[in-house]
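Student: Chains as they are written, first to last, in this note's numbering: chain A, 1 to 257; chain B, 1 to 143.
In short, the hints are calculated from the structure, not lab data. Among these hints, one or two may not hold up.
Stated by the list, open to error - To give an idea of the interface, some chain B residues facing chain A are shown, with a C-beta separation under 7 Å as derived from the structure:
| no. | residue |
| --- | --- |
| 1 | 9 |
| 2 | 12 |
| 3 | 65 |
| 4 | 71 |
| 5 | 80 |
Ideal Cβ positions, reconstructed from N, Cα and C, are used throughout, including at glycine.
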Amino acid sequence: MKTLRLSRRQRALANCAPIAEERIRDGSMRATVIRARTSNEFANQQLFDRAVTALVRAIPIPLETAEWFSSKDLISPSKWTWKKTARNPAVLAIGIALVVIAGVFVFNLVGRLNDFPGSGTARKLLSIAGSTRSVLLDPVAGDAGTLSDLFFLKHGLEHYDVPAEFADFRTIGCRVFDDDEARRVAQIWVVDKRMQFFLFPAERDAKTGAVLQFPGWRYVHQEGWVGAVTQHNGVCFMAALRGRERDLAPYIVKASQ
Amino acid sequence: MMGDAGKAQEIFHTTLREAAQRAAQGELPNERFWLFRDARWRCLEASETDLQAEPLEMEEQEITEDAASQIEQLEPAHLSIWISAAPEPQRTALALFYLDEFDYREIVDLAELKLSELSRLLAAGRRQLQAWLNATFPKRPTI
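Throw the hints in and build the complete structure from the sequences for me.
Tutor: As C-alpha cells, this is what we get:
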C-alpha cells in the first residue's frame, strides 16, 4: 500500500468515486479508481463511504413512503441510443477517421479507373502545356497534319502523325524535346482555342517491350488543363487545352465521327 | 436532507402529488431528474423556514482506518441529523452521494455544481464527519 500522486482531475474524481465499482459508468472514473485503489488514503475513503452508506440504508423509512419504492431502483439507468453513442467523442473520432479513409480510397479508386497506359506521361505533358510560351516553339504556319513529315525528316520520329481529325488545325509553332519519362516528345501549338498537341511514345511492357494498347480516347486532367489521348502505331497523340472535359468533347465527337 | 422524518415525508408526498397533477395535465418535463430536482428545492425551501444553525468553522481530521468501526457505533438518526445540519450545497452533495443511487455526473447536474466543487464538498464532509466521530467516540489509549 502506498500514497499515489494523482492529477487534479483524478483527485477530484477519486473524491467522488462510487462506493461500489459496478456503479462506475465512465472510463475516466474507472481509470482513476484502478489507479487510486492501491493507496491507503483511497482504501480508507472507500471503507468510510461503505460504512456511511450502510448507515444511510438503515435510516428507517415510513412504511407508506417505502411502498413507493418497493423493489425498483430510484432511477432507471439511462437508455442506450444511437444518438447518444454517436455523440461519444471516441465514436465520433473513429467515424471521422473512417470517412476520411473511405474518401481517400474512393478518390484513389476513381483516379485508377481513369488511368490508362501513358496517363502519367500525359499528365506531366499537361503541366508542360501550362508553362509553355509560344516563343519557345519554332514558328510553323500550316496544317498540323503536314508536320508528320517534318518530324520524320528533321528528327527521325516515325509515326508521329496527327490524327486525320485534327490534321486541318492551323499551327502557330512546334518543337521536339527530350523528356526523362516520355523520351522524344513533339509539341504543336495550334490557333484554335490555343490548343496544343503532343505526340509521344506509347508505354511499353517492361519485360516484353510490347506496346500497352488502349482503345479510343481517354481524358486526363492536370492543373486546370484537360487532355484527350489516343494511341496509334505505338505513338500517343494528345490534344490539350485549358478548360474542362466538355470544352474538348466536341472535337473528340467530331474525331470519332 | 431534512433530518426530520415527518418533514421529509410531507415534502415527499407534496412532490408526488404535484407530479401526479402535472402528469394528468400532460405537463411532465422531459428531463430525467426533474422529480429529484423538484424535491430538492422543496427541501431547501422548507429548511429556510426552520431555525438555522450558526455558521461555524467545522474541525476537519484525516480519515482513519478505524472510521468504519466508529461509524458502526452511530445511530442512523444521528447521521441524518449531522448531514441535514451541513450548509448548502454540501448537504445536498452528501445526501445524494451517500444515498448511493446517483453517479457523480448526476449529482453534479442535480446539485448544480462543478466536479471540483462536488469533490471539495465531499472530501471536506468526510474529514468533518471524521473529526466529529473522533470527538464522539474517542480512541481508548493503548497501554
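Student: With reference to the structure, classify each hint as holding or not holding.
Tutor: Verification of the supplied hints:
no., hint, in the structure
1, 9, "holds (6 Å)"
2, 12, "holds (6 Å)"
3, 65, "holds (6 Å)"
4, 71, "holds (4 Å)"
5, 80, "holds (5 Å)"
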